[in-house]
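> Residue strings, one per chain:
Number of protein chains: 2
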Amino acid sequence: MVSGDWNERLRASMRARASLVCVGLDPDPGKLPEPLRGMPVEDAIVAFNQGIITATSDIACAYKPNLGFYFAHGVPGLRALERTRAMIPASTPAILDAKIGDIGSTAIAYAAGVFDTLGFDAVTLNPYLGEDSLQPFLSRPGKGLFILCKTSNPGSGDLQDLDLDGRPLHLKVAERIAAWDATYPASAGLVVGATWPDQLAAVRAICPDQPILLPGVGAQSGDVAAALRAGVDRHGEGLVVTSSRAIIYAGSGPDWRDRARDAAIALRDQIEAERAAIRHA
Amino acid sequence: MVSGDWNERLRASMRARASLVCVGLDPDPGKLPEPLRGMPVEDAIVAFNQGIITATSDIACAYKPNLGFYFAHGVPGLRALERTRAMIPASTPAILDAKIGDIGSTAIAYAAGVFDTLGFDAVTLNPYLGEDSLQPFLSRPGKGLFILCKTSNPGSGDLQDLDLDGRPLHLKVAERIAAWDATYPASAGLVVGATWPDQLAAVRAICPDQPILLPGVGAQSGDVAAALRAGVDRHGEGLVVTSSRAIIYAGSGPDWRDRARDAAIALRDQIEAERAAIRHA
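Protein sequences appear in the order of chains A and B. For the record, in the first sequence the residue sitting at position 85 is 85 according to the numbering used here, with numbers rising by one throughout. If you want the numbering used here, it's the 1-based position in the second sequence plus 281.
Check the hints yourself; a few may be wrong.
[Claimed, not checked] Partial pick of chain B residues on the chain A-facing surface, computed with a CB cut under 10 Å:
#, residue
1, R296
2, D309
3, R360
4, I487
Since the hints were made in silico from the structure, they are not lab data. All residues carry an ideal CB built from backbone N, CA and C; glycine is no exception.
Just need the whole structure built from these sequences, with the hints factored in.
Now the structure itself:
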């Protein structure tokens with residue numbers, strides 16, 4: 001990480017709001033609040049995301065749409081993603097969760113799509129194809145990357161925990177990410193699930209300064225306190241605590257925006273109380 | 282693989298054309314033939330793919346657009362992908378190269394996008410997130426999956442060759458894919474680069490019956506003869522030899538369609554000559 005743009009922007013956004021909460025914009029037509037059902041899918045998604053963003057813009061340190069929920073609907077879905085990107089306030093980092101992993105000219109095309117066409121600030125990537133597959137992203141100054149390390153799902157151990165001379169694969173990946181972060185102009189952060197606090201602590205020891213995107217709280221039941229104790233950096237920061245369903249579907253009636261806001265505030269406050277306890281420990 | 286739909290369809294397509302050649306539809310506006318330059322990107326891509334498909338439909342056993350080249354252009358790109366899908370003849374399997382790897386409700390959304398919204402017959406997947414991330418795809422009867430095992434790029438060894446008790450990670454992945462293929466209703470095939478014939482032979486020993494998508498010939502310089510000897514199944518089949526740039530950009534002048542056809546025929550004939558030699562060895 002030569003250019004400090006991304007890390008500084010992310011940190012400034014967290015400090016301005018005193019919040020590590022990233023809101024995942026993962027619209028599922030079958031789960032939308034009552035008032036939005038029956039609308040054409042593009043308009044329903046846009047109205048939903050607009051409501052969520054408006055209700056949480058002073059709480060969310062970042063927004064993270066997951067490409068899958070837009071791709072599911074083809075062209076109207078991608079149009080909704082472009083409109084959603086345009087609604088995210090300029091002061092708030094926008095992360096596209098796309099878990100991209102492809103090679104050569106294809107990786108270059110994906111990077112152009114994420115950063116140039118869609119205008120996102122950061123993206124999630126899959127490391128299975130190796131360093132050369134990540135290079136078109138790593139070579140982008142000022143952009144943020146979150147590379148999958150130890151994911152939050154129950155089956156993440158299938159590959160990520162495989163034993164390499166007594167150490168799990170995901171720690172080898174963490175070592176590589178630390179090296180890439182030191183070598184390339186983009187910021188190479190990691191994805192580690194809040195569902196694995198012990199593994200998170202081991203990853204943090206290898207990557208003391210890199211931002212870690214932390215899914216798995218809320219609907220996936222990760223223990224927020226344990227994850228924070230394991231994962232904050234030396235400044236008590238460095239975690240992007242991302243929650244989707246537990247915030248955006250907190251309500252389904254006419255007050256869905258207020259319920260989403262309440263859920264975001266509750267998560268922020270829980271995190272801030274824990275961070276205060278860590279600071280004073 | 283309980284339902285035989287995908288494997289039977291793929292095999293029937295290969296036999297009808299006596300061809301293992303899959304044409305990769307990876308349109309890059311900077312490389313399009315002269316006559317298509319200057320058109321709006323959606324129309325240029327559609328005209329290009331239409332020309333390639335028309336010129337190769339009796340040679341290509343499958344077509345494989347790579348999502349990255351469409352995603353790069355946002356909504357017009359995705360519209361071009363949908364129009365491209367509609368142009369692929371009904372008798373020819375259509376594979377979306379998207380290397381998807383995501384979890385839970387997101388994986389379900391991606392599967393809906395690939396199979397239901399876009400209407401593809403098969404898709405490429407990334408195994409890094411484990412079995413549960415693949416389940417929404419594996420549970421689709423009659424669909425074809427090609428799960429990344431040992432990719433064609435120079436850096437593929439970074440993770441895929443890591444040593445697990447004396448065996449590389451990609452062979453562990455091959456074992457898992459064989460087990461998934463035996464357990465789930467979809468067809469679980471693999472992606473192995475033609476650039477690694479020795480590794481391909483080892484994978485084929487573990488997965489004797491699964492279709493293997495073989496990128497890396499042509500522009501990536503994989504040795505076709507060595508890859509075929511290493512990778513065909515007991516029937517001398519089971520390989521989907523995919524080539525993009527070497528076919529679709531074979532010409533750049535007014536005769537670009539004929540040049541693409543010639544390149545596809547040349548690859549098919551090279552493969553068929555080698556398969557004949559293998560049969561008579």
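> Tell me the numbers of any earlier hints that the structure contravenes, in ascending order.
Hints 1, 4 are the ones this structure does not satisfy, whereas the remaining hints hold.
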